[in-house]
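A.B. asks: So the protein lines, in turn, are chains A and B.
Residue numbering for the first sequence follows numbering that gives the first Met the number 0, beginning at 0 and increasing consecutively.
Residue numbering for the second sequence follows numbering that gives the first Met the number 0, beginning at 0 and increasing consecutively.
No lab work stands behind these hints: they were computed from the structure.
Just so you know, these numbers come straight off a predicted model, no measurement behind them.
C-beta atoms are modelled at their ideal positions from N, C-alpha and C, and glycine is treated no differently.
Check each hint, because a few of them may be wrong.
[Said to hold, decoys possible] Residues from chain B that face chain A, not an exhaustive set, calculated with beta carbons under 7 Å:
id	residue
1	R31
2	L38
3	Q69
4	Q83
[What the hints assert, rightly or not] Derived coverage of chain A by chain B (criterion: at least 3 residues anywhere in the stretch with Cβ under 8 Å from a Cβ of chain B; other residues may be distant):
id	segment
5	51-62
6	78-90
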Amino acid sequence: MTELYPPGVRRGTVTALAVVVGVLAAAAGLFVALYLMERGDSGRLSTDITGVERELADARDRLDSVQSSVDDLDAERTGLEDELAELRECANPSKDSVVAANTGDDPGLDAAIEKMLTNCGR
Amino acid sequence: MIQHTGYRPTPVVLPYAPAPPYSPPIAPRRARRATAIVLGVIAAALLITAGVFAGLFTLASGDRDTLAGQLDERRTELGGVTDQVVATEEARDTAAERNTGLETTRSELSACVDVVQRYLWDGLVGAERQAALDQLFTLCQ
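Bound-form chain A, shown alone:
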């Protein structure tokens, strides 16, 4: 029988178009959902990066502070060592004199006292 429908309006065409619309709607929905998920992930990652950068800044500040303390302690140690070297100039012969006196080492005692007189001045 001769089909007299106008072109493009067959029942099958309409059905096929409906199927295509369904598939495209599903595809569009899928891509919208995927896009929104990616956006959500990106937002969370940005928040995480901000948090880690804040922690990093805090850690760097702490590192600077602790390093400064170490530098101060090193400078203090240098001062203490200089001071100790000076004190030992007098303290060592004094200790030697005590040992010499305790052991009856008269020459040792004389030598130690000689050094004490030289090194223990004010």
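Following the hints, complete the assembly by docking chain B onto the known chain A.
C.D. replies: Same frame as chain A, now just chain B:
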């Protein structure tokens, strides 16, 4: 000129009349056409929407990967700085302990030196001199 001879052809009577060609009603045809057009427009719109969001998804996915890389980088950096902080804190504690030891030694030596200087240079006599000497023997061991 044709002259009338009196002959008249007998009309042929067909046994049946040809059926008129089938034609669906006009209203449903128009409705299908309209439906097809609407579906076509919706399909086109959905195709564009799907294409746009596929592109946006691709871009967002790239951004997400970049951000994930940056986060890993920052975390690695933070781990390194944290390790440095721990190591520096240990160095600080060690230095503080060492200085404490040096300060203790300085106190001991200072006490010894003070009493020696007092014994030698303060012109002590008698009991004071003996007391200073006893202190010297105690503090300068």
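A.B. asks: Evaluate each hint against the coordinates.
C.D. replies: Results of checking the hints against the structure:
no. : hint  : result
1   : R31   : 4 Å, holds
2   : L38   : 4 Å, holds
3   : Q69   : 6 Å, holds
4   : Q83   : 6 Å, holds
5   : 51-62 : holds (count 8)
6   : 78-90 : holds (count 8)
Hint check: no violations occur; every hint is consistent with the structure.
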